[in-house]
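S.K.: Put together the whole structure using the sequences plus the hints.
Every number in the working numbering is 339 more than the matching position in the sequence shown, counting from 1.
Treat the hints as calculated values from the structure; they're not laboratory data. All figures in this text were calculated on a predicted structure; none of them were measured in a lab. Yeah, the Cβ is synthetic: ideal placement off N, Cα and C, and Gly gets one too. Do not rely on the hints blindly, as some may be mistaken.
[As the list claims (entries may be wrong)] Using C-beta positions, here's what the derived DEER-type ranges look like:
1) 454 / 353: 43 to 53 Å
2) 455 / 413: 51 to 61 Å
3) 360 / 381: 41 to 51 Å
[Stated by the list, open to error] Straight line, CA to CA, 20 Å or less: simulated PhoX-like cross-link-like pairs of lysine-lysine:
4) 399 / 410
5) 427 / 346
6) 434 / 409
7) 409 / 427
8) 399 / 434
9) 382 / 434
10) 347 / 381
11) 427 / 347
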Amino acid sequence: MNPSELKKLRTESVLKELIPEALANLDDELLRNLCVVDVECKKGRYDAFVYIDKMSFDAKEQEQILIHLKKAAKFLQNYCMSEQGWYKSPNFHFKFDDRLEYQNHIDSLFEKIKKESNES
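M.R.: Laid out in structure tokens, this is it:
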């Protein structure tokens, strides 16, 4: 693993801790209890994709949360910069995490294939 990959992983790890802290400091009740599942920095660490747990939010609530997060992005960046002493912070792009649903779908397909092969 080269040094740039290590820096990227370190940045992702730090952001996974700092973003929930920053969200907890917001006055917005909608954002305060969000769960950050993962942070993925792109090469160069200029952009970071922040994956949020869907929990039990419907599509309308998710849309509202993304709007609020977009408005709060500068505050979150400033919080991360001040906590770490960084000169710049990645631009945050927020997404709801669909990977668990996708994994469950794949698992169910494999189960179905397994049942069909046992019946043959």
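S.K.: I'd like to know which numbered hints this structure contradicts. Please list them from smallest to largest.
M.R.: 3
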